[in-house]
Amino acid sequence: MSNPFFKNYGPINISEILKTLDIKTGLDKNIDVNDIKDLYLAKVNDITFLHSKKYKDIAVNTKASFCITNNILKNYLPNNCIPIVVKNVLISTSLITTKFYPESIYDNFDETTLNIKKTRFKDSVKFGQNVLIGENVSIGSNCKIGHNTIIEKNVSIGNNCSIGSNSIIRNTIIKDNVKILDNCVIGKHGFGFFPDKNKNLRYPHIGIVQIDDNCEIGCGSTIDRGSMSNTVIGKNVFFDNQIHIAHNVRIGDNTIIAGQVGIAGSSQIGKNVKIGGQAGISGHLKIGDNVEIAGGSGVIKDIPKNSKVMGYPAKSIRQFLKENK
Amino acid sequence: MSNPFFKNYGPINISEILKTLDIKTGLDKNIDVNDIKDLYLAKVNDITFLHSKKYKDIAVNTKASFCITNNILKNYLPNNCIPIVVKNVLISTSLITTKFYPESIYDNFDETTLNIKKTRFKDSVKFGQNVLIGENVSIGSNCKIGHNTIIEKNVSIGNNCSIGSNSIIRNTIIKDNVKILDNCVIGKHGFGFFPDKNKNLRYPHIGIVQIDDNCEIGCGSTIDRGSMSNTVIGKNVFFDNQIHIAHNVRIGDNTIIAGQVGIAGSSQIGKNVKIGGQAGISGHLKIGDNVEIAGGSGVIKDIPKNSKVMGYPAKSIRQFLKENK
Amino acid sequence: MSNPFFKNYGPINISEILKTLDIKTGLDKNIDVNDIKDLYLAKVNDITFLHSKKYKDIAVNTKASFCITNNILKNYLPNNCIPIVVKNVLISTSLITTKFYPESIYDNFDETTLNIKKTRFKDSVKFGQNVLIGENVSIGSNCKIGHNTIIEKNVSIGNNCSIGSNSIIRNTIIKDNVKILDNCVIGKHGFGFFPDKNKNLRYPHIGIVQIDDNCEIGCGSTIDRGSMSNTVIGKNVFFDNQIHIAHNVRIGDNTIIAGQVGIAGSSQIGKNVKIGGQAGISGHLKIGDNVEIAGGSGVIKDIPKNSKVMGYPAKSIRQFLKENK
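Residue numbers (my numbering), protein chains in the order written: chain A, 1 to 325; chain B, 326 to 650; chain C, 651 to 975.
Think of the hints as simulated: they come from the structure by calculation, not from any bench.
Take the hints with a grain of salt, since some may be wrong.
[Claimed, not checked] Capping the alpha-carbon separation at 20 Å, the derived lysine to aspartate or glutamate pairs in DMTMM-like fashion look like this:
| id | chain 1 | residue 1 | chain 2 | residue 2 |
| --- | --- | --- | --- | --- |
| 1 | B | 447 | A | 111 |
| 2 | A | 325 | B | 538 |
| 3 | B | 647 | A | 302 |
| 4 | C | 849 | A | 176 |
| 5 | C | 921 | C | 862 |
| 6 | A | 271 | A | 292 |
| 7 | B | 626 | C | 942 |
| 8 | A | 199 | B | 537 |
| 9 | C | 847 | A | 253 |
| 10 | B | 469 | B | 538 |
| 11 | B | 451 | A | 103 |
| 12 | B | 599 | A | 196 |
| 13 | C | 972 | B | 538 |
| 14 | B | 647 | C | 973 |
| 15 | B | 524 | C | 939 |
| 16 | C | 703 | C | 688 |
Excised from the complex, chain A in its bound form (with noise of 0.2 Å):
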């Protein structure tokens, strides 16, 4: 929840808030609220949202002043936090946070877009033909952005950076030394939403993807922006081409992945990880540090740090190996 990029529309009344969700409620307070955020960065006058008993601890320390919440979880909440019962929070949350920012749930094109030509970068960064600049977009020194390349808008790129031809970014943090080949697209959203009958109802993604220092991405492949929180990925991260990280993930410095792996949402993967080629990592899991997963697996379980797996599922290398002679 601290995209730098989205424009927040409130405040907006409490009343309106419940309007939204079909609540009539005796709450006849007449407060405008902030921002939604989570219950550890709310403030006052902010709402928040719980969904599962994991998070109780956090709960009773809420600064919000309400809570999207059930029936049960709402016992959790202190004194100070009001809660909005609903059916299902996640679909509520959803709403409410598109009230908040309406632009953070689809990608259309951006029309913000210049000619490079045209903006303060046509004399600082090397560019090709037919580049295209969006709003708010920041370019260290000695960049380079390739032919075709779009920045859309919200988009930081450090000092030394190369951005190859034909990719498009938006959203999206880039640290120093950064090489993005070509092809790519990074920090549209994730592919988020709740699934209905005749038409899903997508979430809002108001996370960013930030790319530390000396990091290569490689050709034709995507990352997604965080949802509620961000997509990261660490220090001399080398990616081979075809990659596609999904939103929330979150990589550790110096690992290394091959070509076509895909990593699902919201996984961890430590420092010094290396993915073979066409590796495949479910949603939600922990990889440690120094984990080696061979070309071909299929993670569906946390990896302890220092571990080599193979196989799908993933286990023991030595085992995948004695089973498979």
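Position chains B and C against the provided structure of chain A, taking the given hints into account.
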């Protein structure tokens, strides 16, 4: 064989067809053949083909005047239909289809495109830089088309659609409220050819891609058009990034497909199916409604409706997890 | 080491080479070194390298004047060749190769490109909008190049070729009758570097990509150029969409590769091989002629000719299906 897009270069005289197939026969008819269609759709003065006993029940009732077939299958044809006996029915059918629809074989870039600013869409569509529009394109109201995107010839786009940047579309019907994200290629011919030493023989793709209401197609995805039938994506189907859908695939409504999945030619996916990341589905399979396929699975046989499968080859998820504890 | 494209910045004096390697030695020669080549190709006044006992038989006959090697392997060198003993032969070789070929390390966008309308190809090639052509490009007769495609420097295209739209090609030799479809990236450096904390060390890629007659490369594919040798796609090889071919891979004639396959670095694929969708092949393997690899397989060892394999790790298809009934 219901392609609304490819120009039929017929009628073609039967003598020319026989010459193309290198057949010297007693047949001394001088009949103009109008079109090539399947056994069911063919009418008087059309040519059809019969390459498998599977279709004998349809064959006996065909209205076609001619049928490309072999020495055994010809006996299923009715009196109104003159058999044209060849060694390899599919190769001969391909040759004749190519004569009727020569433009369906190769997908060279579309030379007919104009910058959208020079077309009738310049006021009705919201568009980015360098957007190109080919011949025989229609676009509904309230649509957006991103930078560098190429709508090649033979595309129909409904209302309220959003096409991303750097995408290429041809021979495709897109219904309402569809989102196509960046870097997609939709409607190109499939991976269909007859292998031959030194120079493979491509066969025609006279089918189209149809994408129904409320779909979303993720970044970097490829959807090939059908060869003799269509590739169809049902209503409210959501694709994550880097999906590949081969020719003639049909996907039912409300199906959800995660990143890097591939579906091989002519497979049929039911409604409300969920397919996890990097799963692969072989060609010519039937996946029933409400099936769940775990990420990374390799499906090599039909899956009955309401099943949950996992593994390679994909089997009952319960069995798979038991065997892989 | 037979790259026709990269400029050799030699000769370089041996004293400067030793300084680069931080070697203070009694060696007081003042010799200009012309080039860096492998043990077999190196001539008098060239430098070469020996990093493995595997190459001792070639080493004893090398004509090179200098050889980067270690304290043990140096004993295989003939009298005409002065050993330069280092800790890590490959890293040192990489450093010296970079001195001779500094442009082979990074693939920043090609600044030399011009719109094709301003080049000598404006009348001889059929081209789309916004096509860019770099330096040292040749294009044969009857070729087509689609919209937004970038033919960067050092590309030779034969006759009757069709390049799609949004593709990027450099350092590549394309023979006759080749089709490259849309959104491909061909000829970029491979995923080759020495991992190092904080900042990996890229090694040079002085090889090229060679694509022989009658090939077809599907949409969204990436083919990396070789590091010290070339990446070679034989005659009449057909790729489906979203294929990834790493550096130094060699593929024999008439091979067919289905969608989303990945082949890791330096593997050699025979002639008439068939590879099913999403299969992966590890690096440095030999796949014999006429091999069939089932879709989704993971190949981690050599496969003898005429075999059919399936599974992960790939084994005899008969055995695999028996074990997985």
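(message) Run through the hints listed earlier and report the numbers of any the structure violates, in increasing order.
(response) 2 and 13
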